[in-house]
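Chains as they are written, first to last, in the working numbering: chain A, 1 to 357; chain B, 1 to 255.
Keep in mind that the hints were calculated from the coordinates and are not lab data. Careful, some of the hints might be misleading.
What the hints assert, rightly or not - To spell it out: a stretch of chain B is covered by chain A in this simulated footprint if at least three of its residues, at any positions, have a beta carbon under 8 Å from a beta carbon of chain A; those stretches are: (1) 52-65; (2) 75-86; (3) 144-151; (4) 180-188; (5) 211-222; (6) 240-249.
C-beta atoms are modelled at their ideal positions from N, C-alpha and C, and glycine is treated no differently.
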Amino acid sequence: MGKIRVNNPGILTTIQDLGRKGYQQYGIGPGGPMDQFAMEVANALVGNPRSNPVLEMPLIGGSYLTTEDCLIALTGANMEPSLDGQAIGMYETILWKKGQVLFLGPAKDGIRTYLALGVDLGIEPVLGSYSTHIRSRLGGLDGGPLKAGDQIAFRGESKRKVCFHLAEKDIPSYGREARIRLVLGPQDEAFTEEGKETFLSQTYTISMDSDRMGYRLEGKPIAMVGGADIISDGLVFGSIQVSGNGQPTIMMADHQTSGGYAKIATVIRSDLSILAQMGPGEKLEFEALSPNTAQELYREWRLSLDQIEKKFLKGPRQKAFSEEDKDLSLALVEAFSRSGLESLYLIRDSLEVKLKK
Amino acid sequence: MSYKALPWDGLRGESMQVNYKVVGDRGLLVEFENKICPKISGQVRALMERLEEGGTYKALAIEEVIPSYRSILILYDPMQISFDVIKLRIQDLVLKAMVQEEGPRKILQIPTLYGGQMGPDLEYVAKYNGLSTKDLIEIHSKTDYLIYMLGFTPGFTYLGGLDPRIGSPRLESPRLRIPAGSVGIADLQTGIYPIDSPGGWQIIGRTPIPMMDLDRDPPVLARAGMYIRFRPIQPDEYRSIEESVKLGTYRAELI
């Protein structure tokens with residue numbers, strides 16, 4: 001029986017599996033990973049069922065220690081991970097040895113990192129899921145994010161004995177701008193033709209007010225036929241509501257189950273993973289698809305995930321980053337812990353600037 | 001994207017229009033008439049009952065259904081069924097649902113201790129409406145409230161039917177913590193807080209019974225389509241119900 005000790009939990013690290021299914025009609029949201037692609041690939045790299053619980057780490061990963069050997073894989077945003085100061089790679093199977101400290105700094109590209117563990121975690125599911133839903137205090141460890149000093153017990157040996165990695169060309173790259181595909185509706189009739197044109201033609205900025213519940217966007221207001229209010233109805237991960245001021249909000253993994261604003265469109269499943277890796281200040285444009293094309297893309301997305309093992313290459317990857325970058329990353333984490341969350345995006349920007357120099 | 005069905009004359013002798021709308025790459029929204037009333041809510045319930053019949057979820061690859069006042073959002077697995085096919089199958093179910101007789105009312109009785117520490121705003125709401133607290137309690141507890149939908153927070157019930165004589169504005173500054181079981185009024189709505197949460201409703205009483213219980217499946221006590229009736233109780237009954245809840249011997253008052 002081993003344990004993972006949380007020395008430093010990062011910012012809002014939570015345990016996530018594929019989420020609670022079937023409880024939205026009782027007002028209980030599904031939760032689940034923001035970036036399902038990265039989450040499933042991480043599990044596959046350690047030989048887990050792809051639906052296993054993982055750690056989702058936004059912006060800064062933190063530091064963890066294991067008391068027993070454990071296979072791990074890290075996917076999503078690159079936080080320049082290291083084991084006892086030795087750089088390790090993203091998107092590869094890694095043996096985390098007993099007593100080693102796993103450290104993850106600020107995200108260099110993208111904003112969420114997934115840590116899969118090739119063992120059985122000693123936590124109990126709530127309503128069929130391990131996913132942490134902070135607002136309803138459900139799942140994970142006591143319904144909340146990880147805290148310093150938390151311990152996660154685990155059992156069992158890692159199933160996989162061989163190291164794999166995903167080829168560079170198959171790893172998503174994250175930009176600061178993205179074109180997000182969607183299907184108009186279900187309440188697109190609430191907006192004027194001009195309003196829909198505004199929505200589809202402009203560049204939006206993701207606002208500071210964005211988290212696991214939803215991303216608020218800033219742009220020119222969308223013109224409506226009447227008001228924004230509708231009789232409350234069901235929401236899905238990816239629903240885009242437009243409130244009275246004409247600004248859209250994209251519902252993300254921890255969205256409420258119902259909402260009272262007209263929904264102009266719904267983001268397609270595959271592009272939610274792209275959105276999940278974007279943060280405040282970054283830019284979005286939208287492209288409307290026909291429902292048939294959207295369903296085709298869904299099937300392609302699902303099949304590519306179901307067959308991801310076919311793309312794995314045997315053996316380890318090359319070293320991920322330089323010593324100099326690591327020192328910078330340590331300094332930035334320290335700066336963050338002194339000055340708090342508000343400075344976080346400044347830190348990310350300065351990190352990017354320094355890395356470019 | 002909206003697909004309108006032809007107007008259809010139901011066997012109950014009313015014409016009805018249902019919209020079937022695309023929701024992204026994995027959802028179908030079935031919309032009934034755009035209003036909040038028991039009749040439309042009954043249509044939603046009737047379709048829900050059809051969907052919940054054994055085997056329907058599996059046959060239509062349904063992953064989740066979210067009923068509301070006037071619609072049902074159906075999330076399905078696009079690997080197994082396409083929008084066009086599920087839409088046709090749901091249209092059939094809508095037709096079948098409409099010939100169904102309405103079942104008897106299910107009323108969930110909620111024992112409620114009004115006023116005092118449990119209902120700190122009872123006197124304010126009474127005074128606001130120019131009533132005595134006794135009259136307020138009587139008016140509040142004599143209506144059967146239809147549960148239109150659950151949402152907002154886990155287990156929260158959207159109820160219809162509050163007597164306008166006891167409506168009341170929200171608190172000017174919301175409370176940081178309202179205990180689970182609190183019964184409140186806001187504008188022309190009444191409801192029960194199923195879990196501890198912040199909130200701005202005027203709190204007039206509290207029930208000792210758990211509206212949410214994670215050891216129950218489903219974890220909620222109240223279901224959409226049921227009615228809620230508040231039954232005024234005294235402090236000693238509150239304590240004895242609280243005790244039986246703790247012992248696990250409490251049985252919901254379903255009539």
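Evaluation of the provided hints:
| no. | hint | result |
| --- | --- | --- |
| 1 | 52-65 | holds (count 3) |
| 2 | 75-86 | holds (count 5) |
| 3 | 144-151 | holds (count 3) |
| 4 | 180-188 | violated (count 0) |
| 5 | 211-222 | holds (count 5) |
| 6 | 240-249 | violated (count 0) |
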